[in-house]
Amino acid sequence: MSNSSVNNMSQTAQPSADGNNQVDAYRRRFMGAITGTVAAAAAITLVPGVFLREVHAADVTPRPEDQPADAKIRWGMLIDTRRLTDGGESMVEACKKEHGWGNDPKARPDQQAQWIRTVKVTDKLTKNSFTLPVMCQHCETAPCVDVCPTGASMKRADGIVQVNKHTCIGCRYCMMACPYKARSFVHEPLTDQLPHSPRGMGTVESCNMCVHRVDKGQIPACAEAAPQAVIFGDLNDPESRISRAMKALGGEQIRGDLGLNTGVRYLNI
Amino acid sequence: MMFSKIKSMLLLPLMLPMLLVAFLAGCDASPPEINLATAKEKAEQCVEPTEDMRRNHMVYLNEHRDETVIAGIRTKKHSLNECINCHVSATKADGEALHYPDQEHFCASCHTYAGVKIDCFQCHADRPQVLDNSDYKHKLSANSYHEMSAKKQPLNMADMLLVTGDKGAVQ
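If you read the sequences in order, they're chains D and C. Take the position in the first sequence, starting the count at 1, then add 1; the result is the number in my numbering. Take the position in the second sequence, starting the count at 1, then add 46; the result is the number in my numbering.
Isolated chain D, as found in the complex (with noise of 0.2 Å):
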């Protein structure tokens, strides 16, 4: 099992040059029409650290309302860690914000639902320490995706892990299956829940990676809170700046000894 994750994980970092060349041809026609966005985006890209908002609409090409999620596409998040100034938290409160989670009422502090938490490492032998945030790392061979007894833990055309909580039985198997501990229970009934982010009592539920902004062109609401450490994109499109990125300074998985192929990389851990 190890073994064909490590070439699944092989074949998406080096995709082969057949499928993916009529691919490329017609991202680069689209690209090449929304010139003015590919030129800042040129433009931005040479002076590193210098991000503005035009080149993360390139990040996410908008895709008609009707059409669904593109199989082609893997959504992945690049993190640096070092140029994340407050090792993560901005992040974690865009995603409160977003969602709507964090202070459920009548939940127990270890109870509170915990899309995204910072997670401080320390080395034991050198003292060296830094924090980084952990959400779901939509793996590709999610290990939720595989215990959920009724399908409702499910990884979407396009890559991304989520729950489908109209047919979550609340039976938190899932919780059990994820290594980064990244899914919550909500134990007590909610209101005035956000009108893109339903959540509500007896169902599992965690980082989505913003699946109602993604499908309208945006990239998800943490990225957007830390745009001088997080990199969003398309993981299959070796052009997308999140793949160019990875090329030339690597892309960590935590726990990548389990070889679950995640979509969340880490840079400096």
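I should point out that these hints are in silico values taken from the structure, not numbers from a laboratory. Quick caveat, the model's predicted, so the values are computed rather than measured. Among the hints, a few may not be true.
[Said to hold, decoys possible] Taking lysine-lysine and the DSBU-like style, the derived pairs with C-alpha atoms no more than 35 Å apart in a straight line are:
no.: 1; chain 1: D; residue 1: K73; chain 2: C; residue 2: K86
no.: 2; chain 1: C; residue 1: K122; chain 2: D; residue 2: K156
no.: 3; chain 1: D; residue 1: K125; chain 2: D; residue 2: K248
no.: 4; chain 1: C; residue 1: K163; chain 2: D; residue 2: K97
no.: 5; chain 1: C; residue 1: K123; chain 2: C; residue 2: K86
Once you've looked at the hints, dock chain C against the given chain D.
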């Protein structure tokens, strides 16, 4: 005198069915009058004919939810959020927040009568939240729009500051 009494006795069998019909009309089998005023302010016509919506809205919603969550199709026509945006006002007559358990809530007004229990609103927002987008409207047909304006809602100053602060941060 005697003749008129006989006449009324003869009329009685005729009157009875008429009375019965009148009583039965009182126990009308059709649903109660639904409050469409909130929606009519925004559009003349719903996304499907009214009779169709009464009978089949749950089918449309069920199909649309799977398309949206699983496939990522986000058309607005049969979206629950758009139903709420159009049919439900954010506040009650007294200015308090309107929620599904309230009788004034568009969905509850008929579900209570029909004895229907739904769990949509355990997770989904049961009232429109248009504060952050005051000139909201969605396309209904080629030249008509469902309009959704926040002009009627009492605006909370703190919320407004939050929203404008947001927009400042975004730009």
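Numbered hints the structure breaks, given as an ascending list: Going through the list in order, the structure violates hint 1 alone and respects the others.
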